[in-house]
Amino acid sequence: LQQIYGLLLVDLLAEFQLGRGYTAAVGSLCLGCMELGAAPAGELITHIGERRVCAMGALAASAGLLASANTTRLWQLFLTYSMLVGGGHALALMAAVAVSNSWWGRRRSFAGALANSGAAMAPFVLSPVWSAMRKGLGGWRNVLSVLALGEALILSAAALVMTLPGERSLCGARGAPNARAGVGGAPAPAPAPAPTAADSPRDPAIACAPGHGSAPSGHSAAHPPVYEESPWRVILAHPHLRRLYLAVALFAVGEWIPVVHLVQFALDLGLPPLDADRLVLFLGLGNLGLRIPLNALADRVGRSRVFMGSALAYAGLDLCMPLFQRSYASLCVFAVLAGGCYGAVNSLLTTIPGDYVGPHLMRQATGLSIAALGVGMVSGPVIAGEVYDRTGSYDVVWVVAALCMAASAVTLAVPASVFGCAPRSQRRADANWNGTARTGTAATARSASA
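Numbering (this note's numbering), first residue to last: 59 to 508.
Treat each hint with caution, since some may be false.
So the derived label-pair ranges between C-beta atoms look like this [unchecked claim]:
id	residue 1	residue 2	range
1	G197	G347	28 to 36 Å
2	P473	G347	30 to 38 Å
3	V219	R291	32 to 40 Å
4	V204	E73	13 to 21 Å
5	A72	L211	27 to 35 Å
6	K193	R291	51 to 59 Å
7	V359	V204	40 to 48 Å
For the record, the hints were derived by calculation from the structure and aren't laboratory data. Values in this document were obtained by computation on a predicted structure and should not be read as measured data. A virtual CB, placed ideally from N, CA and C, is assigned to each residue, including glycine.
Generate coordinates for the entire structure from the input sequences, incorporating the hints supplied.
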């Protein structure tokens, strides 16, 4: 649903007759709530489990869509669509990411891209459906009411089949042979297997304790690691993660501008409304077609390297917008390539934290990575709309977006030591993890170093 806000933006501009910056803020804040809510959603999952959190997300998102369909002022959509729908999506998204990351290690990026490819398929399903329902049902309000029902059914079904390793799903499917017991019906944290270079090259958060081995690589299911301090403090003190979060936030400022503004931009160029709507399909085509191969490549050559390459490619696309806007065909090419770039990065940012922390901190570290994405996504499309309202042109917008994404790639290339130094106990643990990483394959070692 987040992928097609550009279609809803056109309807909202036509009905409420307000500025593009203010109207675009509805979708940006919705996306921001989804991304920023990932961190608290990850913490909630540790207490009540993925399945319950996903079910809560289904209830909140569907209620928000129903309420949005009955609004009479644009500001009301900030409460119903932006906050309620966005918050519901945060719960469902983080539950799915946590389940996916719990199953995969060596090919984590490929598996994650495959698992969240449903988001990339949304434009293919919802873009033609939106146009047809808008005509057949008499406007965007009735469309949102129908989508509310679909949202409730789909996310509830997802909650039913969510299965962690060793856990039986509500529909009878079973994961790994080692079942887990939960407290109050909620799944308990899985005892992590002995880390390998493919699973977690570095985990400075796991501290040594009597009876738990002399190094992080010595912990087992019977002896889980003991933390010396708060997991959140450990994550925020990690220089590699600090660098990653800044890079993600910079990338996100420019990432979502085409998704929100490309349809209206095409209408400004004089393209027919149907052709402008189809650009959303081409964004989805690139998102679906390129995210999986790029993430498979990331498992081989390094996730951070593919992140940097995608960010630089996206920056180049934005700088070349004066060339792409000359014809509809070239705009379609831009949409495909842009969709591939942001699709690849959106998948990578949920798996890169696993290169620096172990499974016991993956939920929190991944939640903060998604939250950093939300910081940029909230601001980027709003800034673009405000710039257009003041200048009557998107020319400056594309340049600013390109500079932000180039800065993101440069940030990830800067040595992590620039972003601080981990405490001594964490550095000792990090050294032990590096020793474990050296026992892996050459390809794994290269991915870990990247």
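We went through each hint and held it up to the structure:
1. G197 / G347: 28 to 36 Å: 33 Å, holds
2. P473 / G347: 30 to 38 Å: 34 Å, holds
3. V219 / R291: 32 to 40 Å: For V219 and R291 the Cβ distance comes to about 35 Å; the hint holds.
4. V204 / E73: 13 to 21 Å: 18 Å, holds
5. A72 / L211: 27 to 35 Å: With a Cβ separation near 30 Å, A72 and L211 satisfy 27 to 35 Å, so the hint holds.
6. K193 / R291: 51 to 59 Å: At 54 Å between Cβs, range holds.
7. V359 / V204: 40 to 48 Å: Cβ of V359 to Cβ of V204: about 44 Å, so the range 40 to 48 Å holds.
Checked against the numbered hints above, the structure breaks none of them.
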